[in-house]
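Q: As a plain string of letters, each chain reads:
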Amino acid sequence: MAEHSNLPASPDAGGHDEAAHGALDYGTRDERGRFILPLEEHHQRITDVDPRAAKRAERQVAWLFVAGAACFAGAVAAFVGFSSHELIHVPMLGNVSASNFWLGTLIGLGSFFLGAAAIHWARRLMPGDEAVDYRHSLRGDEDSRASAIEQFKRGAAESGFLSRPLVRRTMLGAMALFPLPLVVLLADLGPAPKEKLRHTMWGDKPATRIINQGSGELVRPEHLAVGGLINAIPEGLEKVEEEAGTQNERAKSSIILVRMNPSEIKAQQGQGWDYQGILAYSKICTHVGCPISLYQQRTHALLCPCHQSTFDLSDAGRVVFGPAARHMPQLRIGVDSEGYLVSLGDFAEPVGPSFWERG
Amino acid sequence: MANISGSSRRRPYAGAVLLLAALTTTGAAYAVTTSAIVSPKSAAASAEQIELGKRLFTEGCSSCHGLAGQGGSSGPSLIGVGAAAVDFQVGTGRMPMAQADTQAMRKPPVYNQEQIDALAAYVASFGAGPGVPDPSQYDFSNANVARGGEIYRLNCSQCHNYAGKGGALSDGKYAPSVMKATPKQIYEAMITGPQGMPVFSDAQIPAKDKQDIIAYIDYLQNAPDPGGAALGRLGPVTETVFMFTAAIGAVIAVTIWIGAKSR
Amino acid sequence: MSTSTTPTTPQGKVADFLDERLSISKAIKSNISKVFPDHWSFMLGEVALYSFIILLLSGTYLTLFFKPSMVEVIYNGPYVPLKGVKMSEAFASTLHISFDVRGGLLMRQIHHWAALFFIGAMSIHMFRVFFTGAFRKPRELNWVIGTVLVLLGIVEGFMGYSLPDDLLSGTGLRITQGIIAAVPVVGTYVSFGLFGGEFPGHDVVARFYTLHILLIPGLILALVGAHLMMVWYQKHTQWPGPGRTEGNVVGYRLFPVYTAKAGGFFFVVLGITTLISALVSINPVWMFGPYTPDQVSAGSQPDWYMGFLDGAVRVMPNWEINALGHTLSLNLIVPALVLPGIMTTLLGLYPWIEAWATGDRREHHLLDRPRNAPVRTALGVMSISFYLMLWISGANDIIAQTFRLSINQITVALRVLLFVVPPLMFMLTKRWCLSLQRRDREKVLHGHETGRILRLPHGEFVEIHAPLSLEEQAEILGKMDVAPMALPAATDANGVAQPAAWKARMQAKLSQWFYGANVSLPTRAELLEAQSHFEHADALEVEATNRHRTYEAVGGVLLAPTEDGSSRH
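Residue numbers (my numbering), protein chains in the order written: chain G, 1 to 359; chain C, 1 to 263; chain B, 1 to 569.
Honestly, the hints are just simulated from the structure, not real lab data.
A virtual CB, placed ideally from N, CA and C, is assigned to each residue, including glycine.
Do not take every clue at face value.
Distance windows between CB atoms, simulated [said to hold, decoys possible]:
hint, chain 1, residue 1, chain 2, residue 2, range
1, G, Arg56, B, Leu346, 24 to 34 Å
2, B, Lys26, G, Pro191, 50 to 60 Å
3, B, Gly84, C, Glu51, 16 to 26 Å
4, B, Pro317, G, Glu222, 18 to 28 Å
5, B, Met427, G, Leu180, 51 to 61 Å
6, B, His536, G, Glu58, 43 to 53 Å
7, G, Glu195, B, Pro184, 13 to 23 Å
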């Protein structure tokens, strides 16, 4: 062993001079102060001394293998026997898929038996005495280390890496630029953000009619009771989505309409942005963008089920609790000549979560 | 208002004050709202029914809500809440409240349906409000369950959870589970907006859509769990608890068996 | 090749074919009898490995049916409550797997449960390695690989969770997008790159799919390979025990015992995973419904391994800085980027941090019992309790709902507990460890209480103490004697102050903090005395039983005869 090894000097510091049974000598300590007690020489299991016990264990192992095989065969039968939508009632589980229940139970039990058989075999019938291996020093011996260094130096000198700075520097330069095209290639993963996050389709027209998302009908003020809530979208959203093939616009322009007694409105984001107590707020949380319509009409609190940010819709959408830093943006609404609720322009600020360029 | 219920455990009347304030507001609001959403069905109420209702009201409700339903120190005004609200609140056992709490809980109803009808008729006589829906309104036999699911996920799952198991609201309040709600009660809850729930009048969610929702909730109430035990249908939290207790526990039991010295 | 081993049997011919081309005889000769120590806690890493194999197999099956596409389709399958509903092809194919493919639901559930298992087993394995000090030299690099594997597992799991495009996973993606967008300078661009534009776009499922089934599993596989090769080459650590030294490995040979146990254990893990998948539902996406960015369910939670991050985001105060036309969202950057960054850095560097603090740079192949390294154990418990507090924060709504508590109060309380509980746990754990050390010392010197009480001839009652078994003694006495670094003098030999010594002093103080309170082992003389004491007590008891004079046992009390031959109670 090399002189630098910080392992205990002797690989068999444990020593086997002491008898495993009877009095202990406590005479062997390693260099870290541990008492090293002797290894038990022979571990006698019942299967080592009693041939009948060994035979019994052998039968148990075989039965476990047989049970495994039976389960696997049963699983094939279950696959054939049950369609994928058949239900069965299993106590404690309820009405479950018959196929899932039987396939899984049989494959699962089969695997379990197979594994348990192997483990039982190893524990009962394979050798029970512990074996000892010795560790080698991980550090190379002095000769190897010297030889490694010498050969590396030879190669380095032969390459001229140090003696030819021109080659070295130009190579490093080329290597430095190598990742550039790879990174540039990623640029087309998506378009540049530009102003996309600042606009929604509410701003496309001076007045956009509001659609009740559940019924698909245009909203009139008299539809909405005090204390009521309507999940709403701009008219024409479905067409925009169809053309784009994405739900991107929905993720920005979804709103909720709530109605409260005008006397309950403490503040709004703009003078007269409501219509007779009907307020329109963005549905997209200003924290990380979960859509919120968890409106508690008595307290006018809007609670986000994702991170519990809470906004007071009677008080200009102010944050009253939780991690969101900004109020819910309010949409200015009115009524058009035919009596339908309309938005009067876009949100005054970007909706949804913050982003670096938001300002 | 946010901290009133926070201290409600020490001051039992605080919750009631909150309730009072909120119900007064709502009640008053109904009174001033356009009548388009109100479909009074109390016209059919007979004089005896109202008489019975009055007696029951005086005995069981007036101590909080006032003799004429005008509200009191511990109960809101019931003027204009309508028969549907009474049928829902009393029919689900939420009223009369057993004790002042953040929120009235569902429990076995105290009155039978005849008494509830009488109470509803009497309270409806205080002022116009949503009437008890007609069975044809909440009959969902021809409803579209898939469409109901869509409307449910849009309007309901925010508070009541994807499987109707309910969820937490602000300050200790909660959206209750809808697992025991009957079609009539679901309908009534939507049109009256009990406790913190917003109102979903028939103008907001047409009756047809409400039937679809009821059909979906009915599906949820009886839905099978193809994958096995549903762990309360509460999502990843209960799955995690199960994994770290039962599943990892079973695996560790096996490792201990493998590692134990064979005797 | 010598003629004496010219093969005649078919097996021999195959072996010969391989040996002449790949020298397998050398590899087998030097490896087949390798010894592996046996202990239940050494099998936790195996659970992770087997879960990973189960993931590869079940995942491959799922790829045969899954369509990673966000193209909108109208569902027309057998699941009536979604019939006619618009959804992405990804979601529709997940429904197809669940309801039309026999065994498809089982495979989905196996895949998901195994994913939770995989990261869970890695974490518990990491705890074992931490609390036993197995990460110390020469295994620091393997600790780092393990840390990276846990991180990759979390990313891999999250991506898989996102693929079905259901309402729950879409909510997770939305939150991820919000967090990415909050990254200073590049956030918006990274978000647009990942989603192919604005959220949700129509690219992310296909992109995650490629990463989920190819790139990340490839990386995990490579690192698992390196991890195992290092274990193989450096040989496994072992617990102190009879005959165990720093220089040997005591256990069972690779072939046959270890092969049978490890191979059997794979099938057991597979069996348990499959049984759970047969009996317990996971991620019923058909109930969540398809994702659309204007819907969310109450109680939206991520899978467990993301729970701590979600919890951190939930309890973070709403700090945001708006200045110079830019927005710095501390409410997201701190909990979702800075905090996990610090946590993983500390985790990955811990082997070096401890070596630096203790000055112990020796190789360690014998493990520490957690109680014998009280500060390390306390640091571990402290960190886990911090993690748990974050995790509980992530479930604040479910807790509020289940126990009818105020979600606002829970959240505020957790903001405080996050900083109160971990230090408390540190102090408690450290004390507990030290008291266990004292008890160990007590036990090894005084033995087990047997409950047998002996009355001595002069009337004294003594309880018979039995000596500990060889294994028990070896376990307790296999504790390292630690010597904290001595405090260097503040002044040199001439009494001049040495300002440069502050570093050494600090390190010595750290080392004293780390080791200072440890209870020392008994000396050899004490142990020998204890042993003779046991023998003496044994002899007394034998004598008392053998005298065959009047004795009686009353209520388990064995009365030795008194001087006059009579017995009293």
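Q: Hint by hint, note whether the structure agrees.
A: Going through the hints against the structure:
Look at G:Arg56 against B:Leu346: about 53 Å separates their beta carbons, and that is not inside 24 to 34 Å. The hinted range of 50 to 60 Å is satisfied by B:Lys26 and G:Pro191, whose Cβ atoms lie roughly 58 Å apart. At about 51 Å, the beta-carbon gap between B:Gly84 and C:Glu51 misses the expected band of 16 to 26 Å. Between B:Pro317 and G:Glu222, the C-beta spacing of about 42 Å breaks the proposed range 18 to 28 Å.
Between B:Met427 and G:Leu180 the C-beta distance comes to about 53 Å, which sits within the given range of 51 to 61 Å. Between B:His536 and G:Glu58 the beta carbon distance is about 46 Å. The supplied range of 43 to 53 Å therefore holds. One distance hint, 13 to 23 Å for the beta-carbon pair G:Glu195 and B:Pro184, holds here, with the actual separation near 20 Å.
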